[in-house]
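So you can see what is in the structure, the chains are spelled out below.
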Amino acid sequence: MSEISNQLENLSFKAQQIADEASQLASNVVETSGGHSDFIIFGITVLILACFVGYYVVWSVTPALHSPLMGVTNAISSVIIVGALLAAGPIDSTISKYFGLVAVGLAAVNIFGGFVVTNRMLSMFKKKQ
Amino acid sequence: MSNLSTAAYLVSSVLFILSLRGLSHPSTARRGNFLGILGMTIAIITTLANPGVFSYKEIGIAFIIGGLIGTSIAVRIQMTALPQLVAAFHSLVGLAAVFVAASAYYNPSAFNIGTFGSIPMGSLIEMSIGTAIGAVTFTGSIIAFGKLQGFVSGNPLVFKGQHFLNLILGLGIIALIVKFCIDQNQELFWLIVAASFVIGVLLIVPIGGADMPVIVSMLNSYSGWAAAGIGFTLSNNLLIITGALVGSSGAILSYIMCKGMNRSFLNVLLGGFGGEQAASADGVKDDRQAKQGNAADAAFMMKNSQKIIIVPGYGMAVAQAQHALREMGDLLKAAGADVRYAIHPVAGRMPGHMNVLLAEANVPYDEVLELDEINRDFSETDVAFVIGANDVTNPAAKTDKTSAIYGMPILDVENAGQVFFVKRGMASGYAGVQNELFFRDNTLMLFGDAKKVCEDIIKGLEN
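Going down the list, the sequences are from chains A and B.
Numbering-wise (the numbering used here), the first sequence opens with residue 1 and increments by one.
Numbering-wise (the numbering used here), the second sequence opens with residue 1 and increments by one.
Calculated from the structure, these hints are not laboratory results.
There could be a bad hint or two in this list.
Some chain B residues close to chain A (C-beta under 8 angstroms, calculated; not the full set) [what the hints assert, rightly or not]:
#1 M40
#2 A49
#3 N50
#4 V100
#5 A227
#6 L239
#7 I241
#8 V246
#9 A359
Sample of chain B residues lacking proximity to chain A, with all beta carbon distances greater than 12 angstroms (derived) [stated by the list, open to error]:
#10 Q149
#11 F151
#12 N166
#13 E187
#14 F197
#15 G209
#16 L270
#17 E327
#18 Y406
#19 G417
#20 M426
#21 D441
#22 E462
Note that CB positions come from ideal geometry on N, CA and C, so glycine has one too.
Construct the entire structure; sequences and hints are all you get.
Here it is as structure tokens:
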């Protein structure tokens, strides 16, 4: 009797595991395929609207400050560090993690370099005394 | 991604937009830069708080090393070397994009895009496009850096079948991307990277040194699109918004530069403009004599002038003459003259280069005017002092339909009572066109190094 009940318990445990895995897979599918293809349309919407914002904001920049504009845009394009940090995040040492760490370093050079050099440029612009 | 981090990324995006908005006037610009720093800080902290990020120690080390390198370069760099610095920084964004994409390819689960070998099609397309743009930005910027720094000759390098080769390579990359999206093969991934590296080099080598403002702006734009591409892979709006801002900013700057030369973007990209070939075709036949003056004459005449406009160009930057020039301007102002500066849109090697150099030399920004603002005033000006500029003053742009620079907007220095040209020799400018102004009655050439000439004039003014 105890053997059968043990086996039953085992079976129900396995059934539970399979159910868990199935639901996990299902949610994965939603996330990767369904969820993602939704994001493409959403992302393109954001991209196009942001291009319009960029267009109007950049045309309002005074030509005298076009060099600092390049400095700032250079610094903020390093926001790619968000991707680098996610890539470098996992504990286990994989090639992928090292790629991420290199990208973190490269982006950091740019963030600091870009903002510092822009600040240096802007601090020189003075009005007539 | 939790709602909280989405909201934080939105705050970052808005701060980045405001930081660019701040640049609409010098008085708000520094606050703009600060908002940009704040936005970046929020973005980094938000990402570090992501449940998938654990290895804080290694990340911290990489971040600090990068930060120290970036800061030490930025505080030391000379302002005349800004264009090559910006080009070098663009290359890093490109390379970082390649590394992020490679990382996403080998460990897609860190980005929630499936597992290695079974990444959804949409993500593969975004990833490979981001990789290709990043790789082109990387090598293209390195060549631009080399040309600006002088490691690579600034002359355009053209060879037969160049554009055909680029076309083949471009189509090849598209074919590789298509195949990669089907197979997810790692050799194909690295082939895309390699082919993009090669095309990045080939695209920039035929472009001459003085066209670099357009190219630096274009690469600025590319680095933005690369960031946006990675944003799609990560399903992250912050990267898409920022990428679009940077991308459109670079595109607008390239447009302004092209317009300043009356050339189409395609014409610049196809390259081959300027350099020695063009110069020898046009420069030889002239045996007219230009009138040569000396610093003492110039000092005397300017001392007795009411209105003076100074037109600086790349030659001033090369000679590091901005400080001596400002000192000369101060002495003239003390003698009662009205001294202003006129900047052509394509003066220098990057957009706004001259403005930064003059600001560095403590010239107040309200004395520095753009072409549209000051061009009418030349006719009421006693002296136009052209230092290190050439093509941007050439009246052939308005009259000679056969000229390479026909249609380019120029500064009308010819209308001034007296024109001084500070030049090292009689060589023609970048476009290889002889400047008609050199032979006018109201023009005096001041031969010599720009800085030396300014210092000599200062001596003359002090006596």
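We went through each hint and held it up to the structure:
Below 8 angstroms, beta-carbon pairs count as interface contacts, and M40 of chain B has one with chain A at about 6 angstroms; its hint therefore holds. Contact between A49 of chain B and chain A, as hinted, is not supported at the beta carbon level, the nearest pair being about 10 angstroms apart and thus beyond 8 angstroms. Among the interface hints, the one on N50 of chain B holds; its C-beta lies about 7 angstroms from the nearest C-beta in chain A, closer than the 8 angstroms criterion. Interface hint status for V100 of chain B: upheld, as the beta-carbon distance to the closest one in chain A is roughly 4 angstroms, under 8 angstroms.
The beta carbon of A227 of chain B is positioned within 8 angstroms of a beta carbon in chain A (closest approach about 5 angstroms), and the interface hint is therefore held. Interface restraint check for L239 of chain B: the shortest CB-CB distance to chain A comes to about 6 angstroms, inside 8 angstroms, so the restraint holds. With a least beta-carbon distance of about 4 angstroms to chain A, the hint placing I241 of chain B at the interface is held under the 8 angstroms criterion. Against a cut-off of 8 angstroms between C-beta atoms, the interface hint on V246 of chain B holds, since the closest Cβ of chain A lies about 4 angstroms away.
For A359 of chain B, the interface hint holds, the least distance from its beta-carbon to any beta-carbon of chain A being 4 angstroms, beneath 8 angstroms. The beta carbon of Q149 of chain B is kept farther than 12 angstroms from every beta carbon of chain A, the shortest such distance being approximately 16 angstroms. Consistency note on F151 of chain B: stated as away from chain A, and its beta-carbon is indeed over 12 angstroms from all of that chain's, at 19 angstroms minimum. Remark: the non-interface label on N166 of chain B is consistent with the geometry, its nearest Cβ contact in chain A lying 25 angstroms away (cut-off 12 angstroms).
Distance to chain A confirms E187 of chain B as a non-interface residue, since its nearest Cβ pair spans about 15 angstroms, more than 12 angstroms. Every CB of chain A lies more than 12 angstroms from the CB of F197 of chain B, the least distance being 16 angstroms, so the non-interface label holds. Distance to chain A confirms G209 of chain B as a non-interface residue, since its nearest Cβ pair spans about 18 angstroms, more than 12 angstroms. Residue placement check: L270 of chain B keeps its beta carbon more than 12 angstroms from all beta carbons of chain A (closest about 24 angstroms).
Every Cβ of chain A is farther than 12 angstroms from the Cβ of E327 of chain B; the closest lies at roughly 16 angstroms, confirming the non-interface assignment. Residue-level check passed: Y406 of chain B sits 24 angstroms from the nearest beta carbon of chain A, beyond 12 angstroms. Distance check on G417 of chain B: its Cβ is at least 25 angstroms (rounded) from any Cβ of chain A, clearing the 12 angstroms threshold; non-interface status holds. Look at M426 of chain B: its CB is around 31 angstroms from the nearest CB on chain A, clear of 12 angstroms, so calling it non-interface holds up.
Remark: the non-interface label on D441 of chain B is consistent with the geometry, its nearest Cβ contact in chain A lying 33 angstroms away (cut-off 12 angstroms). The Cβ of E462 of chain B sits about 22 angstroms from the closest Cβ of chain A, beyond the 12 angstroms cut-off, so the non-interface label holds.
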